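First to last, the sequence lines map onto chains Z and D.
Taking our numbering, I'd label the letters of the first sequence as residues 1 to 112.
Taking our numbering, I'd label the letters of the second sequence as residues 1001 to 1884.
Check each hint, because a few of them may be wrong.
Derived pair list, reagent style DSS-like, types lysine-lysine, alpha-carbon separation capped at 25 angstroms [as the list claims (entries may be wrong)]: (1) D/Lys1064 x Z/Lys77; (2) Z/Lys56 x D/Lys1056; (3) D/Lys1064 x Z/Lys75.
Taking beta-carbon pairs under 7 angstroms as the criterion, some of the chain D residues facing chain Z (in silico) [stated by the list, open to error]: (4) Ala1006; (5) Leu1009; (6) Gln1033; (7) His1035; (8) Lys1056; (9) Thr1063.
Calculated from the structure, these hints are not laboratory results.
The model shown is predicted, which means the values in this text are computed figures rather than measured ones.
Note that the Cβ used here is the ideal one computed from N, Cα and C, for glycine as well.
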Amino acid sequence: VGGRTDIPQGTLALMVLRTLETLGPLHGYGIARRIEQTSGESLTLNYGTLYPALLKLEQEGFIASEWGVSENNRKAKFYRLTRAGRKQAEREAREWARTTAMLARFLTPERP
Amino acid sequence: MRTLRALLLRLGGLVWRARRERELAAELESHLQLHIDDNLRAGMSPDEARRAAILKFGPIERTKEEWRDRGTLPVVEALLQDVRYAARGLARRPGFTLLTVCTLAIGVGASAAMFGLLDALLLRPPPHVHDPDRIVRIDEISNYPRYADMKDRLHGLELAGLTQTRVSLGTGPGAVPLQAQCVTPNYFTVLGTRPVIGRAFEAADDVPGGEPVVVIAHTVWQRHFDANPGVAGSRVRIGGRDHTVVGVAPPRFRSLGLQTVDAWLLLTLSAEACATPPLHLRASGGWLITIGRITDGWTREQATAEIVAADTSPDTITTRRPDGTLETRPVTGPPRLRPIRDREFGSGAGQSVDRLSLWLGGGAMVLLLIACANVAGLLSMRAVDRRREIAIRLQLGAGRRRVFTFLLLENLLIALLCASAALLVAAWIGALLRAFFPVADLGELLHPRTVAVLGAFAGLAGILSGVVPAMQATRGDAAAHLRTGTVLHGRRRAAHALLVAQVALALVLIAGTTAFTESVRNFRLHLAYDLDHVVAASADLRRAGYRDAAEIAARYDLMLERVRQLPEVESAALTTANLLGERRGSVTGVVRQGHQPEDGGCCHALVAVSPDYFSTLGIRIVKGRAFTPADTATAQPTAIILDEDLARAVFPDADPIGQCVSIFFRPDCVMVTGISESARRGALRRLQLDSQFFVPFGPPGSSDVVPEMLVVRTRTPSRTAAATIASAIRHAAPDLPYVQVRPIADMADDEAQSWRLGASILGLFGGLAVALAAIGLYAALAFSVRQRTPEIGLRLALGADPSRIARMVLRDGLVILALGTMAGTAAALALSRYVEALLFEVVSGDVSIFLAAGLIIFAAGLAGCVLPALRASRVDPALALRAE
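Isolated chain Z, as found in the complex:
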């Protein structure tokens, strides 16, 4: 499937955290949709892979969950960012920024 890539290792967690940071409490489906949209449809994401990642984040205390009702009146489990999660999101974002900046310096061809 040309032009679409698998999701890079270890970035799914950060995407989830960022999504929750921007949009506030959201259910799994909503998070999945948002990640796909934000990536400009350039990611292939099996929505199912999201759930183990959510569980791991919850176990680590970065997000918390509770059952609620969606905008179209369906029962759904909503995830929200905890305070530790907010910090983690910032930290990881910083690290990614640094890493990508560094990589960018390697990859951009030197100007003549």
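Once you have looked at the hints, place chain D on chain Z.
Relative to the frame of chain Z, chain D by itself:
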């Protein structure tokens, strides 16, 4: 931190699994619904909407699987699964489980109880003694003048002295005997022991003519003072004098020894009760036990050097050399500091208790070994049974390690069950030991340390008996097991070897028991007394403050009169000697008149008796006559009875009857009127230093020789009569101190206690061992019969005689028994040399012992063989063949 939190949550995920599963399912369902709603809104048909959502979600089962793995810990989960499976397996075979658990529990429980005993006896420091490692014993200082001389000159050592005694608390019917220690005032300071109520002794207590004081034991305080917290200052009568209670010792404090101590008195102030020899006398040596505490900052070597240097005036003894010159040399070597853990403290049994308990501990370990062998046998049989099951697991892809772990897990589960059952067994055997062991309060036998050891034993036993079978089960070609049910001969041989070992070990235990039982029996046979019908009563009137000989004699006469009136009593007599107890009568020489033996006729025990003495005790007069009332008329005895040994020694070549001897180094003729059999026969004589001679008591008050004991011959068994006699005496004379009334059989038992103890504990272990071996034999044969059922069926179908089949099975059992008995006899013979010192008149290698032990084992073993043999002969050939 985060990782730990996650780990805990994942562990937590192991519970509530069903609920979490449901929640996940609901969450995924809601996810799909939301997606479907969106798709519908985008204009898809319902079917299409659903399919697209499911497609987008990806493989749902893999998500669930990943989620589950993340939700819990897969390793632990597998383990838990195995545990659950193992538990179910054990529950499905309740007979096997019960047998295994009980077998192990018996072995482990017995070992743990014995460990508890050894721990209490040998390893644990004496309670309430501060820093016991710095306390030493100095055997070379054994009289008061030397103690006093050294005490103030040492800096590296603070000395204290003590003696042991028995005193009476109170008088009349309420009087009780106390085991007391008479000590120097600094005793408690040196031990570092603080009373829980009141105070310890102080130097100020110890003034000449001061008021006697006492520190009582915690048990005495509870039992006789109603645990009254205001007890300090109250007055009690001890040993004929009023004492002021100054303090109560902490619970379970028993000085440095193993025996109970009920009260502590001051050597100097309670001289009468303590029977303290005159303090200024140097000679009379050996009555004081000297201990000391090494001063902080001093090493044992420094303290030793100091005391050796300070020892300038050792006790000396002067002897005449063969050439006539005099030689003076010290009685003892230079002082040495010995650790108190040597445990030679206290009276009597001390040392042999240590050795005996080590042997009994060994017996318990043997029992544990048997139990392990038994269980290993059971498990390996079971492993054969489960070959198919295990083979299937291996073929289905379970790793060998997983199967091995599973089998071990099963054993650990058994070990866990076993440990809880073993606790019960240990508590029970512990209570038994407590009742039997001739030492004081052993404290808590199920000490945490003991429980830990028990757990270790159980785990070890479970693993040991499980590893080999588990290895066997997982080794080899799994597919081969699946194809046929071949009997593995190597494995059977191993199982048989285990059984032979069990039989052999059981035989060793039984042989040990028999040897100890023989010792007890021999001991009783070596006493001339009629043990079953004699009761002895004694009151230590001198220690209770009676000084006048006539008064003491009158008191005993009163006791004699009271007792004679009782209907249970056949006859009664007075005597000076403790029959079997620690003290001997006074010792003097008996010389044939006109002879001058080299040793002056030394040394024979003088026993003054009243006329009925011999008939009351059941001692035969082998020649001549017993005393008559006429013999008691004079203050100086005119008649004498020698025991056989003495008669032979004094009159090697003549008939003693009617001959004159002199005693007390007086020239008067005392006529030999009779010869009695020796109180102790054969080998027991070496336990008694002197042969005895008897003279009649004179009229009351005519001499210093006073009665010390009343012996009573009863019509009813002595044990039941003793209580009646005791109350008759105690109520007759309210001013008497404690009167001890005991059947002399009990007194004999006291002396035979180490043998009785050995016999009962080893007997218990031996009985259990035999039972285990028999059960093991039964299980093995029954199993082999089951394995061979097709073969047996075939034989029967071909016309074999059922009785021959039975014999075939029986033969297997008999071979095991025979081999085991031989091996056991060899082992017991090898060991017997070492135990001999603990026995009485039992020769190592006594054939009758092994014969008896062998018979017992054989009988029990045979009982285990018969049932399987019978079952084998009753196999229904048709059924057996069809099953194949």
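Failing hints, ascending?
-> none
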